[in-house]
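Asker: Residue numbers (the working numbering), protein chains in the order written: chain A, 1 to 146; chain B, 1 to 134.
Calculated from the structure, these hints are not laboratory results. Backbone N, C-alpha and C fix where the C-beta goes; we use that ideal spot for every residue, glycine too. Don't take every hint at face value.
[Said to hold, decoys possible] Covered by chain A, per the in silico footprint, the following chain B stretches (three or more residues, Cβ under 8 Å):
{"id": "1", "segment": "39-48"}
{"id": "2", "segment": "66-77"}
{"id": "3", "segment": "101-112"}
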Amino acid sequence: MLARVLHLDSSYPTAQGMEDYTVHRIPLGFGLMFGAGTLSGLLGIGSGAVKVLAMDQAMRIPFKVSTTTSNFMIGVTAAASAGIYLARGYIDPGIAMPVVLGAGAGSILGARVLVNARTKSLRAVFSAVIVILGIEMIFNGFTGRL
Amino acid sequence: MSSSPHNSPPPDDWNDHSIELIIGTLLRVGVLLSASVVLIGGIIYLFRHGLATASYRTFEGDLSPLRSLPGITHGVLQLSGRAIIQLGLLLLIATPVARVVFSAVALRESAITSTSPLPSLSSQSSPTVCLEHT
Numbered sequence: 001m002l003a004r005v006l007h008l009d010s011s012y013p014t015a016q017g018m019e020d021y022t023v024h025r026i027p028l029g030f031g032l033m034f035g036a037g038t039l040s041g042l043l044g045i046g047s048g049a050v051k052v053l054a055m056d057q058a059m060r061i062p063f064k065v066s067t068t069t070s071n072f073m074i075g076v077t078a079a080a081s082a083g084i085y086l087a088r089g090y091i092d093p094g095i096a097m098p099v100v101l102g103a104g105a106g107s108i109l110g111a112r113v114l115v116n117a118r119t120k121s122l123r124a125v126f127s128a129v130i131v132i133l134g135i136e137m138i139f140n141g142f143t144g145r146l
Numbered sequence: 001m002s003s004s005p006h007n008s009p010p011p012d013d014w015n016d017h018s019i020e021l022i023i024g025t026l027l028r029v030g031v032l033l034s035a036s037v038v039l040i041g042g043i044i045y046l047f048r049h050g051l052a053t054a055s056y057r058t059f060e061g062d063l064s065p066l067r068s069l070p071g072i073t074h075g076v077l078q079l080s081g082r083a084i085i086q087l088g089l090l091l092l093i094a095t096p097v098a099r100v101v102f103s104a105v106a107l108r109e110s111a112i113t114s115t116s117p118l119p120s121l122s123s124q125s126s127p128t129v130c131l132e133h134t
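Given only the sequences and the hints, what does the whole structure look like? Please build it.
Answerer: Shown next, in the form of structure tokens:
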């Protein structure tokens with residue numbers, strides 16, 4: 001209902017051609033996104049994982065649409081804070097240079113692989129990555145490095 | 001507009017698609033351009049300071065001249081590697097901003113030129129009724 005009013009239902013390209021999808025539970029998704037934003041503002045952790053979970057599990061958006069949309073949202077929201085960091089001199093060009101080149105090359109490769117990758121294997125990789133991230137954060141929390 | 005409706009896609013659908021293609025090109029060009037600028041700056045930076053011992057003990061970012069556009073352009077004109085890297089970062093930050101600006105403009109244009117979205121919404125139910133139901 002809300003999805004139709006907001007024109008959220010759409011279609012995405014798959015190996016079998018365009019496939020339609022509908023978006024569910026938008027208020028719940030909104031709430032989770034609010035939580036994700038608060039978390040990343042407080043802790044500086046990438047809330048991409050939370051966004052993907054919210055879109056995939058709560059809003060039932062196809063997995064590839066969730067991951068690409070999350071990536072896209074981060075690009076736009078990160079630009080807002082990156083501009084402030086730059087204006088305050090918090091960005092050291094010497095450190096940023098290898099990060100930009102490495103992350104840039106990696107994300108171009110990742111985007112190319114994503115188009116043909118099977119959703120099942122993408123999900124497996126995603127789960128493994130968030131488990132590792134979680135363990136690392138718990139470890140850092142206990143050792144007081146966070 | 002006067003072409004046959006059978007073999008041509010709906011006008012606003014086609015419009016959406018072409019806007020998406022332009023946005024895709026814009027993002028790709030922005031990322032590749034900024035990466036090339038960062039790479040060039042990085043090569044100059046490493047060529048000049050690659051063998052120097054890094055000192056990140058004290059943080060002096062607040063005093064950096066690379067905080068403002070004039071400071072960056074001044075450094076770029078002197079072929080400072082750090083300034084060129086910073087210019088590349090600025091381009092990278094500007095890319096998604098340009099995308100948002102572009103789609104905002106495109107949305108406004110299409111809202112003005114084609115009036116189709118509004119009547120189709122109001123024909124289903126009036127906006128106030130919509131709000132009461134949701």
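Asker: Take the hints in turn and mark each one as holding or not.
Answerer: To see whether the hints hold, each was checked on the structure:
1. 39-48: That given contact holds, which follows from 4 residues of the segment 39-48 of chain B lying within Cβ reach (below 8 Å) of chain A.
2. 66-77: holds (count 3)
3. 101-112: As far as the segment 101-112 of chain B goes, the hint is violated, because 0 residues have Cβ atoms under 8 Å from chain A.
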